[in-house]
Amino acid sequence: MLPANFGFTVQGAGADNALDSDVNVSTGQTAIFNLLPNETNDTLDAGLVPDCVIHGDFSGDLTEDLPPGTYPIFNEPSPAHVYSVELLNISGIDSFVTVELADGSSFKIYAKPLGDDSHQVIEINSPGVDSITLTLEESGRILSIYYCPEPNIEISKTPNDAGLNGIKYVLPGETVTYTYEVRNTGGTPLGDISITDDAGTPGNSADDFTPTFVVILS
Numbered sequence: 012m013l014p015a016n017f018g019f020t021v022q023g024a025g026a027d028n029a030l031d032s033d034v035n036v037s038t039g040q041t042a043i044f045n046l047l048p049n050e051t052n053d054t055l056d057a058g059l060v061p062d063c064v065i066h067g068d069f070s071g072d073l074t075e076d077l078p079p080g081t082y083p084i085f086n087e088p089s090p091a092h093v094y095s096v097e098l099l100n101i102s103g104i105d106s107f108v109t110v111e112l113a114d115g116s117s118f119k120i121y122a123k124p125l126g127d128d129s130h131q132v133i134e135i136n137s138p139g140v141d142s143i144t145l146t147l148e149e150s151g152r153i154l155s156i157y158y159c160p161e162p163n164i165e166i167s168k169t170p171n172d173a174g175l176n177g178i179k180y181v182l183p184g185e186t187v188t189y190t191y192e193v194r195n196t197g198g199t200p201l202g203d204i205s206i207t208d209d210a211g212t213p214g215n216s217a218d219d220f221t222p223t224f225v226v227i228l229s
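If you want the numbering used here, it's the 1-based position in the sequence shown plus 11.
Derived DEER-like restraints, expressed as beta-carbon distance ranges: (1) 128 - 167: 52 to 60 Å; (2) 207 - 51: 18 to 26 Å; (3) 51 - 120: 39 to 47 Å; (4) 112 - 201: 18 to 26 Å; (5) 75 - 222: 55 to 63 Å; (6) 192 - 125: 49 to 57 Å; (7) 46 - 182: 48 to 56 Å; (8) 42 - 180: 55 to 63 Å; (9) 130 - 78: 15 to 23 Å; (10) 185 - 221: 19 to 27 Å.
Honestly, the hints are just simulated from the structure, not real lab data.
Even for Gly, the Cβ is constructed at its ideal location relative to N, Cα and C.
Turn these sequences into a full structure, and let the hints guide you.
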């Protein structure tokens, strides 16, 4: 069953069978695969991706072009993979789109000065986009932006001061209580969350345990 807020990529797209999707988008199922004992097949892929979003004013109510200035196009709470921006009626040779990435870097893409009654698509195709603005030298209009929210999760483990009697160190034999917090810092819903703590012994799974955690909506 297709999870909420997700979609399938095109089945069999691309030349690399280890990377393309094996799921029939109409049925949500792959073909039948037979495995012998101890045999593995690492090329199967469900092709699940977060639903993409097209935001724009398609009502026809916006009839006036924007005057010279800088205007926000994308400013969501979490980064996203932005594919393209549609612009109308761009005049002036010094109009451009500025893309700010979550890592602090940025780049510009100049729009073509095609004038009145013109349409153009600015191809961005970049993950980790934090914000986008349009700077108009003369006039123009923003029609739409096409992007996919990116999933992200943040887990923190902190000692409970109440269990330490306000002291920041622990004596031998004392018990420390930890709180585990899970924050959804991405743009897609969380589901089926589980946490495994290695008890401070990486490489030794014998003492691993699954703590109870608190989900923080942010």
